[in-house]
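Trainee: Line by line, the protein sequences give chains A and B. For the first sequence, counting from 1, position 142 maps to 141 in numbering that gives the first Met the number 0; every step adds exactly one. For the second sequence, counting from 1, position 220 maps to 219 in numbering that gives the first Met the number 0; every step adds exactly one.
Simulated from the structure, these hints should not be mistaken for laboratory data. Among the hints, a few may not be true.
[To be verified] Calculated cross-link-like contacts (lysine to aspartate or glutamate; reagent style EDC-like; alpha-carbon spacing at most 20 Å):
hint, chain 1, residue 1, chain 2, residue 2
1, A, K214, A, D197
2, A, K129, B, D265
3, A, K157, B, D112
4, A, K219, A, D299
5, A, K220, A, D197
6, A, K214, A, D75
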Amino acid sequence: MIIKRILILPVLLLVISFLTFLLTSIVPGDIAEGIILKQGGQPTEETVAAMNEQLGLDRGLFARYGQWLIQALQLDLGTSWVSGEPVAKELAERIVPTLWLTSASLVISVLITMFFGTAAAYFRDTAVDKAILGFSLIMNCIPEFLLAFILLFFFAYKWDIFPLVGYGSLEHLILPSLVLGFGIGAGKARLLRSSILDAMNSNYVAMARAKGLTKWQALKKHALRNALIPIVTSFGSTVGFLLGGSVIIENIFNWPGLGRLALQAINSRDIPVLQGYVLFATVFIIGIYLIVDLLYMLIDPRVYAKRSNIHG
Amino acid sequence: MADVKKKMNVGLLLSVATIACLFLAAIFAHWLAPYDPNAGELSERLLPPSKEHWFGTDHLGRDVFSRILFGARTTFLVAILITVGCFVIGTAAGVTAGYFGGWIDGMIMRAVDLLSAFPGRILALVIVGIIGPGLMNLAIAMIFTSWVGFARIVRGVTLSVREREFVLAAKLYGLGNQKIMYKHLLPNVLPQLLVVIALNTSWYMTALSGFSLLGLGIEAPHAEWGMMISEARPYMRDYGYLLFFPSMAIMIAVTAFTILGEKLRDRFDPNFHR
C-alpha cells in the first residue's frame, strides 16, 4: 500500500506539472499582457509577441514541457517572470521559515494528540473525557484563520504578550505554530482516543490485564502502540500539507515561507514559480511518505514481517 | 444504552435545526435583511451593535447583520455547487468502477489514488492559482480535489451490492446496466454518501472562507463571511464585534455540519465505534 503510494507520486508529479502547462497554454496572451501592464508598459501586438517570445510561450506545449522537465531534473527550475531571479533560489530562501513553522507546529500537535488522546481514553466517559472531546471538537471546527485572529486579538492586541506578525525570533514563531498545532492536534486526539479504545477491547489487552497489569500499564505498553499506527499515517499527510507551507497562516502572520511565495506567484501569475512550488511540495510529500513507511516498521514489526513473507 | 441513544438524537436534532435555520436565512436573505448588504452609509460607519444595526456597521457603513445573511447565501451556494459536482462525478466514477470492474475499475481507481495522495488544500490552491480566482473557479478546484472521496465509497458499496440477490434478479429480469445502477445501487449508497456530504460541507465552508481571506474567492463588494473577517482585520483592535459576528457564523455553520456528519456516521457506519 505504502510502496504503491510512493510509486504513484512521481506520476502525480508529472500529471500535475503537465496540467499546469496545459492550463497556462490556454491563455498565453493574457499572461504576457498582464506582465507588460505590471511593468508599466503598453500591451500592443508587438510587445505582447515579444513578451511571449521572451517567456518562451511562442513554442509548442510539448516542446516547452519537455525542456522544463529536462531542466528540472538538473535542478534548474527556470527564472521568475516577476523578479527575474532563479526559481530554485527563491524556493530555497523560503524553505527555512516553512521548516521552522512545520517543526514547531508538529511538536505542539504531537504533544496535544498524545496528551489529550490518552487522557480521554484512560478517563473514558468521565467528565475529563467529555471536556477533552468538547474542546477538541471546537478546535477541530474552528477554521485556522479564525483561531489565528482570536489569538492575535488577545495575545498581541489586548495583552501585548507576543509580537503581532513577522519573522525572525522565537516569539514570532509561537502564535502561528500554536494555531497550527492546536488545530491539527485536536482532530488527531479524537482519532487517537477512539483508536486506543478499540485496542483496549482487544484480547491481548484483556490478557495483559489478566496477567495483573494495571489499566495504565496495559494502555501504555500494549494498547497505545497499536493505536498509534493509524495516527502515524494521518500525520504523514499532515506534514506533507505543512511542508507545502500553510498558505493562510503564513499570510496572516507575514511568515516568509513557501505558502506565502505560492500566493505571491498566484497573484502575479508567475507560472515558473508556481510550477517550481508544485514540484517542491510533491518532492517533500514523497519524502514524508518514505519516512512514515520507516516509522511503520519501527512501531509495527508485523508490517515488515508481512512484506518479507510476501516477497519470499 | 437508552441514555446514549437519546443524547445522539439531541445532537442530530440540534445540528439539523441549525442548518435548516441557516439555509432558510440564506434563501430568504432578501426579505430578512433590514438593509442592502452592499450599500454603505459612510456617515454611519463603525457603529457598535444597536437596535437599528443589530450587529453594528462595518468600515464602509454597511449593516453587518444583512451582510451575514447574504454571506450565508454565498456559502450555501458554493457548498451546494461543489457537493452536486462531486456527487455527479464521484458517483458516476464509483458506480462505473465497481459495477464493471476489470481495467475500467483499475484506471478509475488509479486516478483516485493519484489525486488523494496529494494534500487537497495545496492542490486546490494551485488550481485556483492557474485558472484564476473567483467563486466558480474555486468551486471547480474544490470539485477536482474532493470527488475522489465520493468515488471511493460508491465503488465500495457497489462492489458489495453487485452480487446480491436483488441485483441479480434485476439482471435476470432483463434490466439494462444503467437502470440497475440507478434503481438498485444508488439507494444503498446514499446513507454513506450523506455522511461524506455533511463532513465535506464543513470543509468546503472553511475553504471558501480561507480562499476569500486570501483574495482568491469572491470579488470585493459581495458579502462572504471569510472576506468580512479579512476586511475587519485592520479594525479588530477597537471594533472587536466586526470580527466576532462573522466568526460566530462560520463557527456555527462548520460545527453544525461536522456534528451532523459524525452523528450520521455513528448511525450508518456499523464499523465505526466511538
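Trainee: If any of the earlier hints don't hold here, list their numbers in rising order.
Mentor: Going through the list in order, the structure violates hints 3, 6 and respects the others.
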